[in-house]
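Novice: Next come the chains, spelled out residue by residue.
Protein chains: 2
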Amino acid sequence: MARVTDTETEGALLPEPAPGEIQLVAVLSALADPIRLRIVRELADAAGPLSCTALELPVSKSTCTHHFRVLRESGVIRQQRVGTARMSSLRTAELGERFPGLLASVLSAAADGASG
Amino acid sequence: MARVTDTETEGALLPEPAPGEIQLVAVLSALADPIRLRIVRELADAAGPLSCTALELPVSKSTCTHHFRVLRESGVIRQQRVGTARMSSLRTAELGERFPGLLASVLSAAADGASG
Numbered sequence: 001m002a003r004v005t006d007t008e009t010e011g012a013l014l015p016e017p018a019p020g021e022i023q024l025v026a027v028l029s030a031l032a033d034p035i036r037l038r039i040v041r042e043l044a045d046a047a048g049p050l051s052c053t054a055l056e057l058p059v060s061k062s063t064c065t066h067h068f069r070v071l072r073e074s075g076v077i078r079q080q081r082v083g084t085a086r087m088s089s090l091r092t093a094e095l096g097e098r099f100p101g102l103l104a105s106v107l108s109a110a111a112d113g114a115s116g
Numbered sequence: 001m002a003r004v005t006d007t008e009t010e011g012a013l014l015p016e017p018a019p020g021e022i023q024l025v026a027v028l029s030a031l032a033d034p035i036r037l038r039i040v041r042e043l044a045d046a047a048g049p050l051s052c053t054a055l056e057l058p059v060s061k062s063t064c065t066h067h068f069r070v071l072r073e074s075g076v077i078r079q080q081r082v083g084t085a086r087m088s089s090l091r092t093a094e095l096g097e098r099f100p101g102l103l104a105s106v107l108s109a110a111a112d113g114a115s116g
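Taken in sequence, the protein lines are chains A and B.
Taking my numbering, the leading residue of the first sequence gets 1, the next gets one more, and so forth.
Taking my numbering, the leading residue of the second sequence gets 1, the next gets one more, and so forth.
Just so you know, not all the hints are guaranteed correct.
Claimed, not checked - Interface residues of chain B toward chain A, partial, derived using beta-carbon atoms under 8 Å:
| hint | residue |
| --- | --- |
| 1 | Val25 |
| 2 | Leu31 |
| 3 | Ala93 |
| 4 | Glu97 |
| 5 | Leu102 |
| 6 | Ser105 |
| 7 | Val106 |
| 8 | Leu107 |
| 9 | Ser108 |
| 10 | Ala111 |
What the hints assert, rightly or not - Here are the computed distance ranges between Cβ atoms for each label pair:
| hint | chain 1 | residue 1 | chain 2 | residue 2 | range |
| --- | --- | --- | --- | --- | --- |
| 11 | A | Glu73 | B | Glu97 | 26 to 36 Å |
| 12 | A | Leu14 | B | Glu97 | 31 to 41 Å |
| 13 | A | Leu14 | B | Arg81 | 42 to 52 Å |
In case anyone wonders, no lab produced these hints; they're calculated from the structure.
No residue lacks a Cβ here, since even glycine has one placed at the ideal position from N, Cα and C.
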């Protein structure tokens, strides 16, 4: 992980919906994609925030960036600038409060290999 | 819609995935729409199977038929021919076994008015 050196933009969060503005349709739509489900699963299993490139997905970097943006704009993940990278993490607690049980049931279902 | 006059097709189920073939991405995608979420909520609250027209949705009949088809083909609902109608019901038990907690959490979230 890159070291944080600049206080201006370093550590800044990219735009995201406030917890109360997270919409169910947007979250379901964001999760309704095999690559994005895989990203969410890997973030759920990770010890800390991950960058796009850390996930070794079978897509181009720009496609990866796109999928992370869809997840962030729906409220599923949070992205923070760290050096030249965008470090991403699941908004597990906020999602759990907004839509109790939803993320957990999706992660459980995806882990069962039914994410087709 | 064509009139059903043949006893062969009365009561017949329209094509649907077997429980073990229901895919998470397809279910999430089917649910990621305000009209389809409303259909699913109304079916969940209904005492029995409902026809498209019984729901009084703010869409044309052909659009309604389309939404029901997406829900059926993903495995969320079952449709049965009864006379000239297609009676629809949620596959609650099969979904609950395939993806524990998913439908319940979506219905609960949708009921909170966050499905916008």
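Novice: Could you run down the list of hints and mark each one as holding or not?
Specialist: Do the hints match the structure? See the list:
Nearest Cβ of chain A to the Cβ of Val25 of chain B: about 5 Å, under the 8 Å cut. The hint holds. With a least beta-carbon distance of about 5 Å to chain A, the hint placing Leu31 of chain B at the interface is held under the 8 Å criterion. Against a cut-off of 8 Å between C-beta atoms, the interface hint on Ala93 of chain B is violated, since the closest Cβ of chain A lies about 16 Å away. At a threshold of 8 Å, the smallest CB-CB gap from Glu97 of chain B to chain A is about 11 Å, leaving the interface hint violated.
Annotation: Leu102 of chain B was flagged as interfacial toward chain A, and the flag holds, the nearest CB pair being 4 Å apart, inside 8 Å. Against a cut-off of 8 Å between C-beta atoms, the interface hint on Ser105 of chain B holds, since the closest Cβ of chain A lies about 4 Å away. Proximity of Val106 of chain B to chain A holds as hinted, the smallest CB-CB distance being about 7 Å (cut-off 8 Å). At a threshold of 8 Å, the smallest CB-CB gap from Leu107 of chain B to chain A is about 10 Å, leaving the interface hint violated.
Annotation: Ser108 of chain B was flagged as interfacial toward chain A, and the flag holds, the nearest CB pair being 7 Å apart, inside 8 Å. Against a cut-off of 8 Å between C-beta atoms, the interface hint on Ala111 of chain B is violated, since the closest Cβ of chain A lies about 10 Å away. The hint said 26 to 36 Å for the Cβ distance between Glu73 of chain A and Glu97 of chain B, and at roughly 33 Å that hint holds. Against the hinted window of 31 to 41 Å, the Cβ-Cβ separation of Leu14 of chain A and Glu97 of chain B comes to about 39 Å, which satisfies the hint.
Against the hinted window of 42 to 52 Å, the Cβ-Cβ separation of Leu14 of chain A and Arg81 of chain B comes to about 50 Å, which satisfies the hint.
In summary, the numbered hints that this structure violates are 3, 4, 8 and 10.
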